[in-house]
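What follows is each chain in one-letter form.
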Amino acid sequence: QKEVEQDPGPLSVPEGAIVSLNCTYSNSAFQYFMWYRQYSRKGPELLMYTYSSGNKEDGRFTAQVDKSSKYISLFIRDSQPSDSATYLCAMYGGLPRTDSWGKLQFGAGTQVVVTP
Amino acid sequence: NAGVTQTPKFQVLKTGQSMTLQCAQDMNHNSMYWYRQDPGMGLRLIYYSASEGTTDKGEVPNGYNVSRLNKREFSLRLESAAPSQTSVYFCASGDRGETQYFGPGTRLLVL
Numbered sequence: 001q002k003e004v005e006q007d008p009g010p011l012s013v014p015e016g017a018i019v020s021l022n023c024t025y026s027n028s029a030f031q032y033f034m035w036y037r038q039y040s041r042k043g044p045e046l047l048m049y050t051y052s053s054g055n056k057e058d059g060r061f062t063a064q065v066d067k068s069s070k071y072i073s074l075f076i077r078d079s080q081p082s083d084s085a086t087y088l089c090a091m092y093g094g095l096p097r098t099d100s101w102g103k104l105q106f107g108a109g110t111q112v113v114v115t116p
Numbered sequence: 001n002a003g004v005t006q007t008p009k010f011q012v013l014k015t016g017q018s019m020t021l022q023c024a025q026d027m028n029h030n031s032m033y034w035y036r037q038d039p040g041m042g043l044r045l046i047y048y049s050a051s052e053g054t055t056d057k058g059e060v061p062n063g064y065n066v067s068r069l070n071k072r073e074f075s076l077r078l079e080s081a082a083p084s085q086t087s088v089y090f091c092a093s094g095d096r097g098e099t100q101y102f103g104p105g106t107r108l109l110v111l
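Taken in sequence, the protein lines are chains A and B.
Each residue of the first sequence is one higher than the one before, starting from 1 at the first, in the working numbering.
Each residue of the second sequence is one higher than the one before, starting from 1 at the first, in the working numbering.
Treat the hints loosely; a few may be bogus.
Among chain B residues calculated to face chain A with C-beta under 10 Å, some are [said to hold, decoys possible]:
{"id": "1", "residue": "Y33"}
{"id": "2", "residue": "Y35"}
{"id": "3", "residue": "M41"}
{"id": "4", "residue": "R44"}
{"id": "5", "residue": "Y48"}
{"id": "6", "residue": "E59"}
{"id": "7", "residue": "Y64"}
{"id": "8", "residue": "C91"}
{"id": "9", "residue": "A92"}
{"id": "10", "residue": "G94"}
{"id": "11", "residue": "R96"}
{"id": "12", "residue": "G97"}
{"id": "13", "residue": "E98"}
{"id": "14", "residue": "G103"}
{"id": "15", "residue": "L109"}
Pairs of lysine to aspartate or glutamate, EDC-like flavour, derived with a Cα cap of 16 Å [to be verified]:
{"id": "16", "chain 1": "A", "residue 1": "K2", "chain 2": "B", "residue 2": "D38"}
{"id": "17", "chain 1": "A", "residue 1": "K103", "chain 2": "B", "residue 2": "D95"}
{"id": "18", "chain 1": "A", "residue 1": "K103", "chain 2": "B", "residue 2": "E98"}
It is worth saying that the hints were derived from the structure and are not from the lab.
For every residue, glycine included, the Cβ atom is placed at its ideal position computed from N, Cα and C.
Work the whole structure out from these sequences, hints included.
In structure tokens:
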């Protein structure tokens with residue numbers, strides 16, 4: 001079983017709708033939770049990261065982490081056609097100078113299509 | 001700043017051939033990483049280098065070797081390519097484990 005599970009989609013929404021994405025995980029040691037956006041045939045780009053539980057907002061994007069449920073979410077408000085991409089969650093619990101440092105565990109990615 | 005650059009962008013190999021994927025970063029990061037991305041599998045870490053002069057195995061290191069040439073450059077070598085190594089390869093760099101910056105990728109097809 002994978003450490004990080006993510007529904008591959010595709011998730012199709014009309015322009016202006018709220019996009020809701022989520023990942024579940026099994027490793028309680030994870031402390032850092034990231035969301036990457038990947039356009040077709042491009043490299044992933046970091047959208048947001050959150051440390052431990054709680055919410056973080058950045059413009060139209062809101063990331064939520066519920067460590068008790070091992071569940072993270074990304075919400076995109078007022079979605080635009082330019083938000084059409086694959087969204088990857090990633091996480092890790094590494095400490096500097098330890099064996100797990102920088103070893104991100106990625107979900108498989110959810111493809112999002114925002115239709116005009 | 002170019003960020004993270006990778007060459008080549010696309011390569012076709014025959015089974016048994018060798019090749020080296022090049023990666024360079026201009027952000028002065030200590031840590032660099034090589035991932036492969038396959039459909040339905042997400043990104044998986046092949047090798048990483050926490051700092052110049054050090055390298056270590058990731059989740060899927062078999063069939064690959066790496067060289068951290070200097071602080072800027074980190075190369076990935078396939079000594080004898082196999083069809084199972086058909087994938088998209090991404091290099092990344094970062095100084096904090098949670099913030100990694102990715103290159104544009106190399107698409108490799110092994111026939």
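Tested hints:
1. Contact between B:Y33 and chain A, as hinted, is supported at the beta carbon level, the nearest pair being about 7 Å apart and thus within 10 Å.
2. For B:Y35, the interface hint holds, since its Cβ comes within 10 Å of a Cβ in chain A; the closest pair sits about 8 Å apart.
3. Restraint check, B:M41 versus chain A: the minimum CB separation of about 6 Å is within 10 Å; hint holds.
4. Residue-level restraint check for B:R44 holds (minimum Cβ-Cβ distance to chain A is 7 Å; threshold 10 Å).
5. Given the 10 Å rule on beta carbons, the hint for B:Y48 holds: about 6 Å separates it from the nearest Cβ of chain A.
6. At a threshold of 10 Å, the smallest CB-CB gap from B:E59 to chain A is about 8 Å, leaving the interface hint in force.
7. For B:Y64, the interface hint is violated, the least distance from its beta-carbon to any beta-carbon of chain A being 16 Å, above 10 Å.
8. Against a cut-off of 10 Å between C-beta atoms, the interface hint on B:C91 holds, since the closest Cβ of chain A lies about 9 Å away.
9. A least Cβ separation of about 8 Å between B:A92 and chain A falls short of the 10 Å threshold, and the interface hint therefore holds.
10. At about 7 Å, the closest approach between the beta carbon of B:G94 and any beta carbon in chain A falls short of 10 Å, and the interface hint on this residue holds.
11. Checking B:R96 against chain A: minimum C-beta separation of about 8 Å stays under 10 Å; hint holds.
12. Hint status for B:G97: holds, given a least beta-carbon distance of 4 Å to chain A, under 10 Å.
13. Restraint check, B:E98 versus chain A: the minimum CB separation of about 4 Å is within 10 Å; hint holds.
14. Below 10 Å, beta-carbon pairs count as interface contacts, and B:G103 has one with chain A at about 5 Å; its hint therefore holds.
15. Of the supplied interface hints, the one on B:L109 is violated, with its beta-carbon coming no nearer than about 14 Å to a beta-carbon of chain A, more than 10 Å.
16. At roughly 14 Å between alpha-carbon atoms, A:K2 and B:D38 fall within 16 Å of each other, so this suggested pair holds.
17. Under the criterion of a C-alpha separation no larger than 16 Å, the hint pairing A:K103 with B:D95 is consistent with the structure, at around 13 Å.
18. Under the criterion of a C-alpha separation no larger than 16 Å, the hint pairing A:K103 with B:E98 is consistent with the structure, at around 9 Å.
Consistency note: the structure conflicts with the earlier hints numbered 7 and 15.
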